[in-house]
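Here the protein sequences line up with chains Z and A, keeping their order. Once you know that position 290 of the first sequence is 290 in the UniProt record's numbering, the rest is easy, because the numbers rise by one and skip nothing. Once you know that position 315 of the second sequence is 315 in the UniProt record's numbering, the rest is easy, because the numbers rise by one and skip nothing.
Certain hints may be false.
[Unchecked claim] Stretch-level coverage of chain A by chain Z, calculated; a stretch enters the list once three of its residues show a Cβ under 8 Å from a Cβ in chain Z:
1) 42 to 49
2) 74 to 84
3) 111 to 125
4) 146 to 160
5) 164 to 176
6) 184 to 192
[Said to hold, decoys possible] Negatives, chain A to chain Z, calculated, CB over 10 Å:
7) 26
8) 27
9) 28
10) 234
11) 260
12) 313
13) 320
14) 329
15) 344
It is worth saying that the hints were derived from the structure and are not from the lab. Cβ coordinates follow ideal geometry from the N, Cα and C atoms, glycine included.
2 protein chains.
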Amino acid sequence: MREATGAVGSAPDFSGWSCPLPLRDHPRVVMGHGGGGALSAELVQHVFAPAFGGPVLAGLGDSAAVTLGGARIAFSTDSFVVRPLFFPGGSIGDLAVNGTVNDLAMSGAKAAYLSCGFILEEGVETAVVARVAQALGAAARAAGVEVVTGDTKVVEAGHGDGVYLNTAGIGQIPAGVDIRPQRAVPGDVVIVSGDLGVHGIAVMSVREGLEFDVEIESDCAALGGLVETMLAVTPELHVLRDPTRGGLGAALNEIAAAAGVGVVIQERAIPVPAPVASACALLGLDPLYVANEGKLVAFVPREHADAVLDAMLAHPLGARAAVIGECVADHPGMVVSRTGLGGTRVVDLPVGEQLPRIC
Amino acid sequence: MREATGAVGSAPDFSGWSCPLPLRDHPRVVMGHGGGGALSAELVQHVFAPAFGGPVLAGLGDSAAVTLGGARIAFSTDSFVVRPLFFPGGSIGDLAVNGTVNDLAMSGAKAAYLSCGFILEEGVETAVVARVAQALGAAARAAGVEVVTGDTKVVEAGHGDGVYLNTAGIGQIPAGVDIRPQRAVPGDVVIVSGDLGVHGIAVMSVREGLEFDVEIESDCAALGGLVETMLAVTPELHVLRDPTRGGLGAALNEIAAAAGVGVVIQERAIPVPAPVASACALLGLDPLYVANEGKLVAFVPREHADAVLDAMLAHPLGARAAVIGECVADHPGMVVSRTGLGGTRVVDLPVGEQLPRIC
Numbered sequence: 001m002r003e004a005t006g007a008v009g010s011a012p013d014f015s016g017w018s019c020p021l022p023l024r025d026h027p028r029v030v031m032g033h034g035g036g037g038a039l040s041a042e043l044v045q046h047v048f049a050p051a052f053g054g055p056v057l058a059g060l061g062d063s064a065a066v067t068l069g070g071a072r073i074a075f076s077t078d079s080f081v082v083r084p085l086f087f088p089g090g091s092i093g094d095l096a097v098n099g100t101v102n103d104l105a106m107s108g109a110k111a112a113y114l115s116c117g118f119i120l121e122e123g124v125e126t127a128v129v130a131r132v133a134q135a136l137g138a139a140a141r142a143a144g145v146e147v148v149t150g151d152t153k154v155v156e157a158g159h160g161d162g163v164y165l166n167t168a169g170i171g172q173i174p175a176g177v178d179i180r181p182q183r184a185v186p187g188d189v190v191i192v193s194g195d196l197g198v199h200g201i202a203v204m205s206v207r208e209g210l211e212f213d214v215e216i217e218s219d220c221a222a223l224g225g226l227v228e229t230m231l232a233v234t235p236e237l238h239v240l241r242d243p244t245r246g247g248l249g250a251a252l253n254e255i256a257a258a259a260g261v262g263v264v265i266q267e268r269a270i271p272v273p274a275p276v277a278s279a280c281a282l283l284g285l286d287p288l289y290v291a292n293e294g295k296l297v298a299f300v301p302r303e304h305a306d307a308v309l310d311a312m313l314a315h316p317l318g319a320r321a322a323v324i325g326e327c328v329a330d331h332p333g334m335v336v337s338r339t340g341l342g343g344t345r346v347v348d349l350p351v352g353e354q355l356p357r358i359c
Numbered sequence: 001m002r003e004a005t006g007a008v009g010s011a012p013d014f015s016g017w018s019c020p021l022p023l024r025d026h027p028r029v030v031m032g033h034g035g036g037g038a039l040s041a042e043l044v045q046h047v048f049a050p051a052f053g054g055p056v057l058a059g060l061g062d063s064a065a066v067t068l069g070g071a072r073i074a075f076s077t078d079s080f081v082v083r084p085l086f087f088p089g090g091s092i093g094d095l096a097v098n099g100t101v102n103d104l105a106m107s108g109a110k111a112a113y114l115s116c117g118f119i120l121e122e123g124v125e126t127a128v129v130a131r132v133a134q135a136l137g138a139a140a141r142a143a144g145v146e147v148v149t150g151d152t153k154v155v156e157a158g159h160g161d162g163v164y165l166n167t168a169g170i171g172q173i174p175a176g177v178d179i180r181p182q183r184a185v186p187g188d189v190v191i192v193s194g195d196l197g198v199h200g201i202a203v204m205s206v207r208e209g210l211e212f213d214v215e216i217e218s219d220c221a222a223l224g225g226l227v228e229t230m231l232a233v234t235p236e237l238h239v240l241r242d243p244t245r246g247g248l249g250a251a252l253n254e255i256a257a258a259a260g261v262g263v264v265i266q267e268r269a270i271p272v273p274a275p276v277a278s279a280c281a282l283l284g285l286d287p288l289y290v291a292n293e294g295k296l297v298a299f300v301p302r303e304h305a306d307a308v309l310d311a312m313l314a315h316p317l318g319a320r321a322a323v324i325g326e327c328v329a330d331h332p333g334m335v336v337s338r339t340g341l342g343g344t345r346v347v348d349l350p351v352g353e354q355l356p357r358i359c
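Only chain Z is shown next, with the shape it has when bound in the complex:
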């Protein structure tokens, strides 16, 4: 992140800056390739996309929108390697449900069915596996989604870490709904559904044995109901994104790049709880890049923004929702933040990750 001068509306000159996404030559995989930032994007762009091809994958949303048997279906997958398996406010089982349910919700789809794949490490206690499975089942019931198919593999001790999980999910996209990163347009209002940085700090605190005055609990939650509430106001939402790995900073950069628009956020408007801000200061982290798992960012047409915000505020998972910025025609592909002092800084796509294995 670098400081720039000049107000944004006046088209500052970024031409001398280095390319935000240089092709890095990595002969071997590093932790940052899993961080949801620039290294992850390069792996997708240079390794996976050319190998798999296909127009749907190229959309790069949280989930794919496909048609099958006449139905419009959102389809998504995530693997989960969080360490530790249990943390304040949740577990890998909760993440595995909510992560995929939320990816589907970011297409406006209500998750209907989940698959679940376990990769167990030889020697892990079966009681631990059972606790994970129970958490996963409970989270599925809470989210109104059914686990219908699964698979279990076991690898030798020293080739896993207790339990890795994968879930995939499918859900129907309502008629008239077309939510994807490419639809952001200048004039859209940018809204977040609540406090940022909570999940990442909750996991980090237990992993590193940090103690704060107030225990920080993960915000891990299923956002399908909140999205339904928002869609009841208008099906005309343009973009939804859950800022998981890479945090809000990565999510906004991906949207700006996909739609070829600029994004301006007001630093002071971003809701960050005091304990998270303190922990970030202590750890040298930027809350903009810390992972969340029960939050979303929405790009909403200006004429619907007030009504959508009101609906979010009335929902338990949106009680701390806030307008944090807007979509602009200037500096396409770039996200800038107006600082409290009236300056402007560029919010880059993070390169790797601040906190590995957070989900």
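We have chain Z already, so just place chain A on it with the hints.
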């Protein structure tokens, strides 16, 4: 496996035998929990099914049949932890496509879309990841399925094994088709699509550095086209199953248990290529329990059996198809094999696995 006396049709007395599925008390996960046999079944029965609940999961087919937006959809997932990543005739990328495509085909569904989750180990060469991705993409194109959504996680060195993969897939189930293990009925003819034991021995041979006169290549293939050919004869197929982990022995036991029927197979009718038979003799393995990844076993109503077999024989992936037995009302839940000498042996569900990490 145990020798029994008496011809099957005359209702032999198995009452003194021990329960084939005692509840085993395993405080920790062992390799056999991933083997597709009795230990895997216990994990599903005692840990996953109670935690997840739900009527669809209880169906225990290779894939789940669900309804979404008015469409009948098959949905399935598998994780892949095969070692080595590349073996004669295929790779983990091929397995990841064909394994899930075949699970869908076992519902009569043609796979349409795949998700793909990578769990990479820090330090694995990016060139290896790229080779896997290319194999996966090529296998998807060969199977006529599109990879539409994916995810990548990275774990520290010493917590993985290069590349683990998960795929999930969806495909439409044709109208009038209802293929599932519960539909086996006495009188059904049991057909396999070709030589058994090839995939498992191919992986094992390279892993253990075994050399045979003839290199054994994995039979890894997508069976969607073969199933389409069979369904063109009649939509009235009762059961399809791809005998992967646990081999034909596990597959037949699962069907017998699900439908509450007996199965009788003729040992001499089972196609096992000579090099596989030799390797099995050398390694002390039973080809009935060795994994396949390009074969299926079908339970077909007697009146359609000849026509279905003819259609299979005319398809490249069914050229060595054979009738191997029948479904009977006697000894429900039990599979027996008539040996070459006129005796009968019980084909038990294997407990763990002969060959770990074969897929």
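- Hints violated by the structure (numbers, ascending): Going through the list in order, the structure violates hints 6, 7, 8, 9 and respects the others.
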